[in-house]
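Just so you know, the protein sequences line up as chains E and L, in that order.
Quick note: the first sequence uses my numbering, first residue 23, plus one each step.
Quick note: the second sequence uses my numbering, first residue 2, plus one each step.
Simulated from the structure, these hints should not be mistaken for laboratory data.
The structure displayed is predicted, hence computed values, not measured ones.
Hints are supplied without guarantee of correctness; some may be wrong.
Cut-off 27 Å, straight-line C-alpha distance, at most; resulting in silico cross-link-like pairs (DSSO-like, lysine-lysine) [what the hints assert, rightly or not]:
no., chain 1, residue 1, chain 2, residue 2
1, L, K172, E, K271
2, L, K221, E, K353
3, E, K33, E, K271
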Amino acid sequence: MDTQVTDKLTKLIETQGWVLADGATGTNLFNAGLQAGEPPEFWNEEHPDRITALYQGAVDAGSDLFLTNSFGGNASRLKLHNAEKRAHELSKIAAEIGREVADKSSRDIIVAGSMGPTGEIMGAAGTLSHDDAVEMFHEQAEGLIAGGADVLWLETISAPEEYAAAADAIARTGHPWAGTMSFDTAGRTMMGTTSAGMVKMVDDLDYAPMAFGANCGVGASDLLRTVLGFVEGGASKPIISKGNAGIPKYVDGHIHYDGTPELMAEYAVMARNSGAKIIGGCCGTMPDHLRAMRKALEETPVGKAPTLDEIAAALGGFSSESDGTDGAGPKRRERRRGRG
Amino acid sequence: MSDEEEIILSELSDEELTLQMHDDLYDGMKEEIEEAVNILLERGWQPYDVLTKALVEGMRIVGIDFRDGILFVPEVLLAAGAMKGGMAILKPLLAETGAPRLGSMVIGTVKGDIHDIGKNLVTMMMEGAGFEVKDLGINNPVENYLEALETGEFDILGMSALLTTTMPYMKVVIDTMVEKGMRDDFTVLVGGAPLNEEFGKAIGADAYCRDAAVAVETAKEFMAKKHNQMAAG
Numbered sequence: 023m024d025t026q027v028t029d030k031l032t033k034l035i036e037t038q039g040w041v042l043a044d045g046a047t048g049t050n051l052f053n054a055g056l057q058a059g060e061p062p063e064f065w066n067e068e069h070p071d072r073i074t075a076l077y078q079g080a081v082d083a084g085s086d087l088f089l090t091n092s093f094g095g096n097a098s099r100l101k102l103h104n105a106e107k108r109a110h111e112l113s114k115i116a117a118e119i120g121r122e123v124a125d126k127s128s129r130d131i132i133v134a135g136s137m138g139p140t141g142e143i144m145g146a147a148g149t150l151s152h153d154d155a156v157e158m159f160h161e162q163a164e165g166l167i168a169g170g171a172d173v174l175w176l177e178t179i180s181a182p183e184e185y186a187a188a189a190d191a192i193a194r195t196g197h198p199w200a201g202t203m204s205f206d207t208a209g210r211t212m213m214g215t216t217s218a219g220m221v222k223m224v225d226d227l228d229y230a231p232m233a234f235g236a237n238c239g240v241g242a243s244d245l246l247r248t249v250l251g252f253v254e255g256g257a258s259k260p261i262i263s264k265g266n267a268g269i270p271k272y273v274d275g276h277i278h279y280d281g282t283p284e285l286m287a288e289y290a291v292m293a294r295n296s297g298a299k300i301i302g303g304c305c306g307t308m309p310d311h312l313r314a315m316r317k318a319l320e321e322t323p324v325g326k327a328p329t330l331d332e333i334a335a336a337l338g339g340f341s342s343e344s345d346g347t348d349g350a351g352p353k354r355r356e357r358r359r360g361r362g
Numbered sequence: 002m003s004d005e006e007e008i009i010l011s012e013l014s015d016e017e018l019t020l021q022m023h024d025d026l027y028d029g030m031k032e033e034i035e036e037a038v039n040i041l042l043e044r045g046w047q048p049y050d051v052l053t054k055a056l057v058e059g060m061r062i063v064g065i066d067f068r069d070g071i072l073f074v075p076e077v078l079l080a081a082g083a084m085k086g087g088m089a090i091l092k093p094l095l096a097e098t099g100a101p102r103l104g105s106m107v108i109g110t111v112k113g114d115i116h117d118i119g120k121n122l123v124t125m126m127m128e129g130a131g132f133e134v135k136d137l138g139i140n141n142p143v144e145n146y147l148e149a150l151e152t153g154e155f156d157i158l159g160m161s162a163l164l165t166t167t168m169p170y171m172k173v174v175i176d177t178m179v180e181k182g183m184r185d186d187f188t189v190l191v192g193g194a195p196l197n198e199e200f201g202k203a204i205g206a207d208a209y210c211r212d213a214a215v216a217v218e219t220a221k222e223f224m225a226k227k228h229n230q231m232a233a234g
């Protein structure tokens, strides 16, 4: 394993107490002219200048770590654009551009090779087998490593089976990695995993990530409830918190995320107080938000973890009453009789 | 559960068996559902009654618990799979007996958007509720929707989008329907993670559906309204 890099991220957490990750990839690329339906990964080859600008925007705004433009760079997603054979190549270019931006910076910048979901369903009712998923993730991981990614970064995962497949794939490379899930359904992932459930799942992996956490989902409030759930669930590794900049609203034919830089600054401070070590944004989070987050994290002393009421008062209400960890949520109905 | 006595489906009364089927759908037990469907048919049940009283009612319960955050996608997929097993037996019989149609829907993810898990769930839940569904797949330009609607086979148009950049395309489809004077002939339902009710209203849809279970309930409401209007007219 590339322990030097592990040390770099761990050292940063130790000296600074926290790490500022980046914001949105999609929102920024759409602003740069990406058309809906066009795969962002093609831009690594067609418009490397725009991808450089995307990464540079995060670095200049104060991010210590940024994700490469390779979220949909696995064979399953690229197949939708008849590019299933290009997973390694497009992922490699995404990391190469990132390496260049990071190496030019005067600060230590960590290039995180983004790996998004396959989009297929795994598990009992699914169509994608563990072995096929491992193949796909492994192919992408090798590409990202060849391009110079310091760490592999699995994100927006819903199914524990898919997270486990990625872990097995990355184990083959021996590279350090981090992995987040998206908690967007009544405080759980779409597949029903709770925050506490994720802690247990991560602890049980043979090849564990160096950090784990949550990204995307509903709004900043829900994300912090999830972070509190990780801590409550006994998290032993650094927690990642990458929340959306508010909630998308439709105004005059365009979509706006309603989270202001001020709100995201408050979210960042509250995320750190809640126990997160690696803090960033997701959809809707632009360089202006990151700047405000950096400033707030540097200027605000670490305080005690907020209560759910304090989170709701500062950032808005939650999407559901319970997140499934407190036993207060609705229960499965009584079955008539067990079956043998 | 193994210490409990095994249930022999064929020994249950009609009422007990129907309740057991609701349970078995909830637990996604396909073989048991297929067996029970055959038992009810052998007992002389009308295929339409097996469909509505046993399967659709069971899936309605699954839908409620999905909506309320008790069941999640994996459980719903298993339930839908079990339902499909039962439907495969009933489908030819329903056609033969001229059973009433509950309604039909054409559904697709809009142009520029390649996400399909949510749409697929809606399709399965709608089929589970007894609707006929035609799935247009992903990345559909307005022409695809119009072509399907113009066949006259459908009551409902469903559109899905998972990106904030693609959801405005739903308005393009609805505006085109208005231009062609066909908007009022259909119920338009929209859904997808970044949408909300406000957005649904703003673009002129009949309803925004938060999830697949809500989509089914909403579709049923609109079909009931339509039938009432036809009866009154």
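Handout entry: Those earlier numbered hints the structure runs against, lowest number first
Key = Per hint list: single violation, 3.
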